[in-house]
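Participant: Each chain is listed here by its residues.
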Amino acid sequence: MSKAIPWWFNSLLLPLANVGLAFVACAIVLWLMGIDVLFATHVMIDGALGSGEGVGYTLYYATNFIFAGLAVALAWQAGLFNIGAEGQALIGGLGISIVCLYWVPLPMILLFPLTILVSALFGALWAFIPGWLNAYRGSHIVITTIMFNLIASSLIVYLLVGPLKESGQMAAVSTTFPQQTWLPSIENMASYFGVTLQSSPLNISFIWALLCCLGTYFYLWHTRVGFETRVVGLNLQGAKFAGIAQRRIIIITMLLSGALAGFIGLNEVQGSSHQLQVEFVSGYGFTGIAIALMGRNHPLGILIASLLFGALYQGGAELAFNIDSVGNDVIILIQALVVLFCGALELMLKPSLINLFRFNSPKTEAGNA
Amino acid sequence: MNDFSWLLLFDAAIRLATPLLFAALAGMLSERAGIIDIGLEGKMLVGAFAAAAWTSISGSVWEGIMVAMFCSVAFSLLHGFACITHKGDQVVSGIAVNMLALAVTSLLAHRLFSQGGMTPVLDKLERLPEVAFPQWIEVDDTWLSQLYWQLLSGHNILVYVGLLLVVLLSLFFKYSPYGNRVFAAGENPKALQRAGGSLATTRYAAIICGGAICGLSGAFLSVGHGAGFVENMTVGKGFIALAALIFAKWRPVAILFSCLFFGLLEALAIRLQGHPLFKGDGMLPIQLIEVLPYVLTVIVLAGFIGPSLAPKALGNRR
Numbered sequence: 031m032s033k034a035i036p037w038w039f040n041s042l043l044l045p046l047a048n049v050g051l052a053f054v055a056c057a058i059v060l061w062l063m064g065i066d067v068l069f070a071t072h073v074m075i076d077g078a079l080g081s082g083e084g085v086g087y088t089l090y091y092a093t094n095f096i097f098a099g100l101a102v103a104l105a106w107q108a109g110l111f112n113i114g115a116e117g118q119a120l121i122g123g124l125g126i127s128i129v130c131l132y133w134v135p136l137p138m139i140l141l142f143p144l145t146i147l148v149s150a151l152f153g154a155l156w157a158f159i160p161g162w163l164n165a166y167r168g169s170h171i172v173i174t175t176i177m178f179n180l181i182a183s184s185l186i187v188y189l190l191v192g193p194l195k196e197s198g199q200m201a202a203v204s205t206t207f208p209q210q211t212w213l214p215s216i217e218n219m220a221s222y223f224g225v226t227l228q229s230s231p232l233n234i235s236f237i238w239a240l241l242c243c244l245g246t247y248f249y250l251w252h253t254r255v256g257f258e259t260r261v262v263g264l265n266l267q268g269a270k271f272a273g274i275a276q277r278r279i280i281i282i283t284m285l286l287s288g289a290l291a292g293f294i295g296l297n298e299v300q301g302s303s304h305q306l307q308v309e310f311v312s313g314y315g316f317t318g319i320a321i322a323l324m325g326r327n328h329p330l331g332i333l334i335a336s337l338l339f340g341a342l343y344q345g346g347a348e349l350a351f352n353i354d355s356v357g358n359d360v361i362i363l364i365q366a367l368v369v370l371f372c373g374a375l376e377l378m379l380k381p382s383l384i385n386l387f388r389f390n391s392p393k394t395e396a397g398n399a
Numbered sequence: 258m259n260d261f262s263w264l265l266l267f268d269a270a271i272r273l274a275t276p277l278l279f280a281a282l283a284g285m286l287s288e289r290a291g292i293i294d295i296g297l298e299g300k301m302l303v304g305a306f307a308a309a310a311w312t313s314i315s316g317s318v319w320e321g322i323m324v325a326m327f328c329s330v331a332f333s334l335l336h337g338f339a340c341i342t343h344k345g346d347q348v349v350s351g352i353a354v355n356m357l358a359l360a361v362t363s364l365l366a367h368r369l370f371s372q373g374g375m376t377p378v379l380d381k382l383e384r385l386p387e388v389a390f391p392q393w394i395e396v397d398d399t400w401l402s403q404l405y406w407q408l409l410s411g412h413n414i415l416v417y418v419g420l421l422l423v424v425l426l427s428l429f430f431k432y433s434p435y436g437n438r439v440f441a442a443g444e445n446p447k448a449l450q451r452a453g454g455s456l457a458t459t460r461y462a463a464i465i466c467g468g469a470i471c472g473l474s475g476a477f478l479s480v481g482h483g484a485g486f487v488e489n490m491t492v493g494k495g496f497i498a499l500a501a502l503i504f505a506k507w508r509p510v511a512i513l514f515s516c517l518f519f520g521l522l523e524a525l526a527i528r529l530q531g532h533p534l535f536k537g538d539g540m541l542p543i544q545l546i547e548v549l550p551y552v553l554t555v556i557v558l559a560g561f562i563g564p565s566l567a568p569k570a571l572g573n574r575r
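One line per chain: the protein sequences are G and D, in this order. By the working numbering, the letter at position 123 of the first sequence is numbered 153, and the numbering carries on one by one without gaps. By the working numbering, the letter at position 234 of the second sequence is numbered 491, and the numbering carries on one by one without gaps.
Isolated chain G (complex conformation) (with noise of 0.2 Å):
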């Protein structure tokens, strides 16, 4: 009584049975360490939803994530790693800080745009050069892309330490940009129309995040260059007789995921902190990675995932004030079990489930066949 594998075991069970692995573990591993397990989740959960000051943090939080896990998820579809999501974020908000400084009296209107296209710029420029170096001189992209992500800290420490320091302060930060230039909050926004919300630091670029999504799906699902690159992705050698200019692929691919990476910037520089930091990207780069694992490499679960991640760094900001500052490692321990069970150990439940639900596992309908 054996039965062909449905669409929701690879696409719904298997990646939500991971995640629930992932969670389970983590559990298990603040449990081991003497933490309340219980207490911790329900100081998460409140802080993260329980207001509407710790909803508009998730949706702020979001917003980087789904940059990073879009960045991620396109160079996926095409078969490369970027994981230096990190540096071409950092470049790109330094693009956004040139533009903001030397700050051109435009409206918002033309200068969001104009920040959209210079972060976007600056990104892509970043990944590029792996990218050139991947597919014209064979270096392991993952490698390189780290190495970048070392030189572009390297080279914004200089900046902030040098040319673009603020004279007359301590820390490593640019100067805070004229108040024309940041961008409008969604309290600002909302006021506009009647509504009252309470403050937060979300802002107009979590709306273009949305946008960023379903541009990519569409980019990926409804146009020539997405689908040669998922050919690429999925096999060289078909890729190859079907006549795909792999290199042109793979150049366009790091191209558009430095672009997204770079967006990073407009919420976290033009749209928050206003200034440029050392370490406003703070691993976002990183959690891009368990994003793209967990939603998939689909826009759509990048979407769901992004606002399940933004929920646990506002609510592990709560949890840092409650027991004595775990918060943020808590976040790492998650991100890192779920790139554990989502990514590397993706097919290890595989075999048992399809025992459990007694369904044909592909080697023996092949083999009946």
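Among the hints, a few may not be true.
[Said to hold, decoys possible] DSS-like cross-link-like pairs, simulated, lysine-lysine; straight-line CA separation at most 25 Å:
{"no.": "1", "chain 1": "D", "residue 1": "K344", "chain 2": "D", "residue 2": "K569"}
{"no.": "2", "chain 1": "D", "residue 1": "K344", "chain 2": "G", "residue 2": "K380"}
{"no.": "3", "chain 1": "D", "residue 1": "K431", "chain 2": "D", "residue 2": "K569"}
{"no.": "4", "chain 1": "D", "residue 1": "K569", "chain 2": "G", "residue 2": "K270"}
{"no.": "5", "chain 1": "D", "residue 1": "K344", "chain 2": "D", "residue 2": "K447"}
{"no.": "6", "chain 1": "D", "residue 1": "K431", "chain 2": "D", "residue 2": "K506"}
Everything labelled a hint here was simulated from the structure, so no lab data went into it.
Mind docking chain D on chain G? Use the hints.
Facilitator: Same frame as chain G, now just chain D:
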């Protein structure tokens, strides 16, 4: 600069190169067997924490070293479980190892010691000893004596262990049949299997040894050169070690020199801070020296300095 400070510079370079050397050798064992080892950074961190924590609780640094190696091996086994047993993606698994190490060490440091993520400061007796060479050469001003006493003698014991390890590993890969197996696992797994060797066993053995060596790298940071664990104290050293490994094209003796070179660059960057050449506006940025290892690695990886000879089956899942 006079000769004396050159000696100090090289002295510092050796000290800074040692953790890189251990980690790069660990990475070499793993990558020669065909397993990409992005997780060096994380395993170093685990080793550093385990050594410092155990030493400060038990008071015995030798026990601390053993525990560091043991814990680092545990993380290696997790990596192996994911990408040897379950054939998962090696890079993804390595990233998970790094994140997990960062979270677990810092959580445990907070929970066990409540000192803001640090372990208690270890005194001199709780750290690894320095080795003074025998009095073969008198202490005086001749360059030979200076070289002997300033540069060669008086380093931490792990510095000499590292050098010994370079010799042992290059002999291992050159003459030992097991070395041949590890080499085959990374170059041509099919050939290894046809010759009757087990790919999984060979790879597990390689990463277990790699894990132990990587634990020593972390231990050097926290109980050798340093005096305790600080949250995220490796700050990217694992990635510099990875760079040194690629720069040396996965060969043990070359790894020694690339680590020394990267250590020298780091020492130079520390030394030249405040030097007139790097001071004030319009002068050379000190970060220029810091990024040199990364830039050089990218250039080598791109094959601009001879072909980049990575193990052929590196990263293959089967």
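Participant: If a hint holds in the structure, say so; if it doesn't, say that too.
Facilitator: Now for the hints, and whether the structure bears them out:
1. The hinted pair formed by K344(D) and K569(D) meets the criterion: a straight-line CA distance of about 17 Å does not exceed 25 Å.
2. Restraint check for K344(D) and K380(G): the C-alpha separation of about 13 Å stays at or below 25 Å, so the hint holds.
3. Taking the CA atoms of K431(D) and K569(D), the gap is about 18 Å. The hint holds against a cut of 25 Å.
4. A C-alpha spacing of about 21 Å is found between K569(D) and K270(G), which places the hinted pair at or below 25 Å, so the restraint holds.
5. A C-alpha spacing of about 16 Å is found between K344(D) and K447(D), which places the hinted pair at or below 25 Å, so the restraint holds.
6. Under the criterion of a C-alpha separation no larger than 25 Å, the hint pairing K431(D) with K506(D) is consistent with the structure, at around 16 Å.
Violated hints for the displayed structure: none, as all numbered hints are satisfied.
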